[in-house]
Amino acid sequence: MTNLAIGRLRRFSATPGQMAVVLLIAAFLLAFLLVPAATVIYVAFTEKGTSNLTLVNFLDFFRNDLFVRSFWNSVYVSSLSVVWATLFALPLAVITTRFQFRGAMLIQTLGFLPLIMPPFVGAVAMQLLFGRNGSVNLLLDQHLGFKLPFMDGLNGVVFVQSLHYFPFILINVSNSLRQIDSAMEEAAQNLGSSGFRLFRRIIFPLAMPGYLAGASLVFVKVFDDLATPLLLNVKDMLAPQAYLRVTSIGLADPMGYVISTILIAVSIFAMWASVAVMRGREYSTVQRGGGGLARRKMKRGEAILAYGAVTLVLLLVLSPHIGLLLLSFATIWSFSPLPDGYTMANYGRVIGESSIYIKNTLIYASLAGLIDVVLGGAIAYLVLRTKIIGRAWLDWAAMSALAIPGVVLGIGYLRTYYGVTLPDGTPLATLSIMLVLALSVRRLPYALRACYAAMQQISVSLEEAAENLGANKRRTVRRIVLPLMMGGILAGFVTSFSTAAVELSATLMLIQSNSEAPIAYGLYMFMQSPAGRGPGAALGVIAVILVAVCTFASHYVIERSQKAMGARK
Amino acid sequence: MTVKFKEPKMAQTRDGAAVAGARKIEITNVNVHYGELHVLKDINLEIQPGEFFAFLGPSGCGKTTLLRLIAGFNNASSGDVRVGGQDILAMPPWKRDVGMVFQSYALWPHLSVARNVAFGLEERKLPRDEVARRVKAALELVGMGHLADRRPSQLSGGQQQRVAVARTIAIEPKVLLLDEPLSNLDAKMRVQVRRELRDLQQRLNLTTIFVTHDQEEANAICDRIAVFGDGRIQQVGRPMDLYERPASLFVANFLGTANILDGELVTVDGKRLFKVTDTISVPVPDGVTISPGTRLVFRPQHASLEDAGGQGVRLPGRVSNIEFLGASVRYGVMVGTSEVLIDVPFQSGASVRTVGADVNVLLPSDCMLWLAE
Chain A
1 MTNLAIGRLR
11 RFSATPGQMA
21 VVLLIAAFLL
31 AFLLVPAATV
41 IYVAFTEKGT
51 SNLTLVNFLD
61 FFRNDLFVRS
71 FWNSVYVSSL
81 SVVWATLFAL
91 PLAVITTRFQ
101 FRGAMLIQTL
111 GFLPLIMPPF
121 VGAVAMQLLF
131 GRNGSVNLLL
141 DQHLGFKLPF
151 MDGLNGVVFV
161 QSLHYFPFIL
171 INVSNSLRQI
181 DSAMEEAAQN
191 LGSSGFRLFR
201 RIIFPLAMPG
211 YLAGASLVFV
221 KVFDDLATPL
231 LLNVKDMLAP
241 QAYLRVTSIG
251 LADPMGYVIS
261 TILIAVSIFA
271 MWASVAVMRG
281 REYSTVQRGG
291 GGLARRKMKR
301 GEAILAYGAV
311 TLVLLLVLSP
321 HIGLLLLSFA
331 TIWSFSPLPD
341 GYTMANYGRV
351 IGESSIYIKN
361 TLIYASLAGL
371 IDVVLGGAIA
381 YLVLRTKIIG
391 RAWLDWAAMS
401 ALAIPGVVLG
411 IGYLRTYYGV
421 TLPDGTPLAT
431 LSIMLVLALS
441 VRRLPYALRA
451 CYAAMQQISV
461 SLEEAAENLG
471 ANKRRTVRRI
481 VLPLMMGGIL
491 AGFVTSFSTA
501 AVELSATLML
511 IQSNSEAPIA
521 YGLYMFMQSP
531 AGRGPGAALG
541 VIAVILVAVC
551 TFASHYVIER
561 SQKAMGARK
Chain B
1 MTVKFKEPKM
11 AQTRDGAAVA
21 GARKIEITNV
31 NVHYGELHVL
41 KDINLEIQPG
51 EFFAFLGPSG
61 CGKTTLLRLI
71 AGFNNASSGD
81 VRVGGQDILA
91 MPPWKRDVGM
101 VFQSYALWPH
111 LSVARNVAFG
121 LEERKLPRDE
131 VARRVKAALE
141 LVGMGHLADR
151 RPSQLSGGQQ
161 QRVAVARTIA
171 IEPKVLLLDE
181 PLSNLDAKMR
191 VQVRRELRDL
201 QQRLNLTTIF
211 VTHDQEEANA
221 ICDRIAVFGD
231 GRIQQVGRPM
241 DLYERPASLF
251 VANFLGTANI
261 LDGELVTVDG
271 KRLFKVTDTI
281 SVPVPDGVTI
291 SPGTRLVFRP
301 QHASLEDAGG
311 QGVRLPGRVS
321 NIEFLGASVR
331 YGVMVGTSEV
341 LIDVPFQSGA
351 SVRTVGADVN
361 VLLPSDCMLW
371 LAE
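Chains A and B, in that order, give the protein sequences. Position one of the first sequence corresponds to residue 1 (full-length UniProt numbering), numbered consecutively onward. Position one of the second sequence corresponds to residue 1 (full-length UniProt numbering), numbered consecutively onward.
Worth flagging that the hints you see were computed from the coordinates, not collected in a lab. Fair warning: this is a prediction, and the values are worked out from it, not measured in the lab. Treat the hints with care, since some could be wrong.
[To be verified] Okay, the calculated bits of chain B under chain A, using three or more residues with CB under 8 Å as the criterion:
1) 68–77
2) 137–150
3) 163–171
Every residue, glycine too, gets a C-beta built ideally from N, C-alpha and C.
I would like the entire structure built from these sequences, with the hints used as guidance.
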């Protein structure tokens with residue numbers, strides 16, 4: 001009878017250690033994600049200066065021409081960015097997965113390039129190349145006598161954002177295309193379909209889930225981005241408006257919170273919509289033994305077209321990088337297709353003055369990455385390996401960070417923690433650790449997914465075998481689970497690290513002084529004045545290299561460790 | 001080869017007599033639920049020290065659930081399990097000392113063969129030289145000493161299986177649990193490895209439970225078998241007894257091929273008859289109780305095809321199918337509306353019947369079984 005009781009107890013409760021971990025994670029998420037986000041929404045719905053619930057703030061928002069225009073501008077820019085990103089991504093995805101194409105690997109790799117450079121850094125270089133008096137327009141004017149308004153106003157934001165974010169669509173669609181069973185295509189051919197009709201009726205619909213996932217991500221990212229419009233001097237969009245209201249009018253003004261609430265709502269809506277469209281449709285086509293789509297040889301005409309398209313897109317993709325590199329070595333670059341002269345002085349100045357930015361970035365991004373993999377690993381373990389109450393809630397709460405834009409989280413931190421002071425009177429919100437926390441919360445969903453994937457690969461019997469041989473839960477985690485998850489944990493860390501290293505939205509809200517600022521903040525400061533652009537570009541190049549080196553190093557380590565394990569499932 | 005592995009002195013016999021060192025496993029009134037699902041129902045079982053015992057049954061019958069309950073990976077809603085007299089259900093898996101070999105082997109890919117085998121010994125905080133000695137002994141016992149530095153992924157299926165066994169016996173467990181250990185091997189390896197497992201079990205004198213869905217495996221190497229069906233133990237016994245005297249239709253069907261004839265009890269002139277069709281009936285021997293649902297069961301090789309003569313019951317039928325199996329010819333014979341299978345030993349030169357031929361199935365009375373569900 002006592003056995004029975006103990007057996008039951010063991011089934012329905014968890015060890016004290018697990019309970020403690022759950023409580024700690026819950027406290028963290030509550031303090032640094034849910035409460036700040038809830039505060040923002042709460043303030044948006046309360047009358048200024050009182051605590052009466054009201055909708056009057058939202059009425060004010062929709063009565064204000066600037067805000068309404070900003071809202072529609074944001075919708076316009078995001079939608080158009082999705083369209084252009086699709087136009088860049090689809091040909092690359094199709095050509096590299098469906099045809100025998102030299103350099104397919106190169107394209108897939110180069111496709112990732114934009115992601116390791118913050119879009120607002122690229123924006124400056126793009127201005128120099130494609131702006132009204134940029135290289136391309138100067139050449140057009142000289143030879144053909146007209147200019148194209150690539151970078152004017154909202155166009156510029158669309159151009160920069162679609163170039164920056166199209167890899168999300170490229171990666172997702174390529175993965176979907178690769179997973180389609182070749183029998184799907186052969187069956188259609190067998191029934192008489194071919195060419196573009198085959199693509200439109202069979203292939204693309206099957207790749208639809210991947211496309212929608214990528215497209216909704218692009219939409220949300222563009223909608224929430226603060227730095228790119230600011231640097232291109234486009235202020236009538238929602239995220240910049242939120243930032244400007246809070247920084248110029250103050251934390252008490254409800255409009256910043258209303259805009260933030262709308263940003264959250266649009267994010268949630270876009271993500272929900274992409275899932276809702278696919279709901280109830282069966283698209284899983286991966287079958288055993290199905291070896292992906294057959295790659296076809298291109299006809300001569302097709303090949304010319306394909307190489308042409310690929311070259312054009314790649315040139316565009318590389319243009320911010322090329323522009324940035326040129327700018328970083330330029331003495332003066334204005335009203336001319338290429339810089340007037342070249343120098344190393346920019347790098348000298350950056351390394352001399354700005355090494356503090358680099359140091360801060362390394363510290364903040366490493367800490368954020370560390371917090372993410374610890375939390376992500378713990379949540380993944382709790383969800384996949386225990387039956388503890390509240391584990392699904394933890395997972396949901398951590399993932400909800402996806403819907404909270406950086407600028408909103410920053411505003412939430414300021415509002416929640418500005419009143420809370422240390423004994424010496426410093427507001428909690430001004431500590432740089434707050435930035436680290438904001439960065440880690442924003443990246444947590446990605447690290448969590450990486451840890452999830454890694455843990456799902458580990459067969460439960462590997463852990464049971466360890467317990468059977470005398471290792472308790474804690475020892476099993478240390479000796480079996482952690483070593484086997486290392487690849488995934490590292491991947492999660494690098495994702496968090498490299499994106500946190502170039503994040504600006506939350507940084508702009510939370511950083512008070514230059515001495516505590518990371519690279520992104522320094523870049524932003526440099527890029528605001530024409531004289532700072534050279535050094536800014538040099539700092540940008542350093543940031544890109546930093547992120548690229550970390551990314552490739554981790555890929556190398558992961559591949560090596562997988563090889564050592566024999567890449568077993 | 002000088003293997004210094006703790007081997008008990010006494011040899012074990014197939015009758016499972018108590019031997020020093022080996023533990024007894026007692027399972028009493030065990031019930032297991034998965035939510036609403038009642039997976040194991042009132043399990044009672046006593047496994048003798050040193051016995052090689054099989055849990056046999058189709059997938060989903062609960063045999064693996066019971067094995068995992070003993071190892072500590074499932075919880076019982078009632079009942080208890082004793083190993084060597086000690087109640088183990090309240091212990092966590094890592095305190096139980098019941099060695100389990102997993103179906104997938106569960107070798108850790110990030111550790112070498114030797115480190116895999118050393119794991120349990122290290123967890124027991126044994127001195128380093130003791131660990132090294134016992135790793136070597138365990139690996140040599142399974143003939144894997146020369147591959148100690150390999151990674152599991154560099155081994156064949158059979159080698160992985162041996163490492164998994166070595167890893168488990170290295171900790172000198174109280175009992176050995178084998179979860180379908182042969183299912184990931186090809187047919188030829190299976191026959192070889194099952195023999196090795198039996199030899200090893202005999203040498204170590206370990207009470208062993210062997211879970212399988214393959215009756216041939218269980219018959220070949222186990223002292224006794226518990227046949228599982230639908231969450232219950234249907235019958236426990238020695239392999240030959242189970243085959244000769246199945247207690248139910250389920251066991252008869254699961255162990256080997258069985259012919260099953262449906263019918264009803266009628267009494268004609270004071271004699272009890274089992275009426276299969278209007279024209280075919282079988283006299284029921286005295287002492288046999290026939291209740292609704294009782295069927296007539298016999299094995300294909302126990303019956304024969306006769307034109308005339310011989311002792312026993314004759315069932316008229318017509319040959320409907322012929323399969324040549326090598327050592328015998330298997331005839332399908334329509335008796336009434338059911339087809340029964342009859343194995344006739346094949347002799348060269350003997351005449352083979354043709355499909356459509358009218359025959360009599362001769363059924364010796366001592367081979368008839370009267371079984372219900």
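Structure-based check of all given hints:
1. 68–77: holds (count 6)
2. 137–150: violated (count 0)
3. 163–171: It holds, with 3 qualifying residues against the three required.
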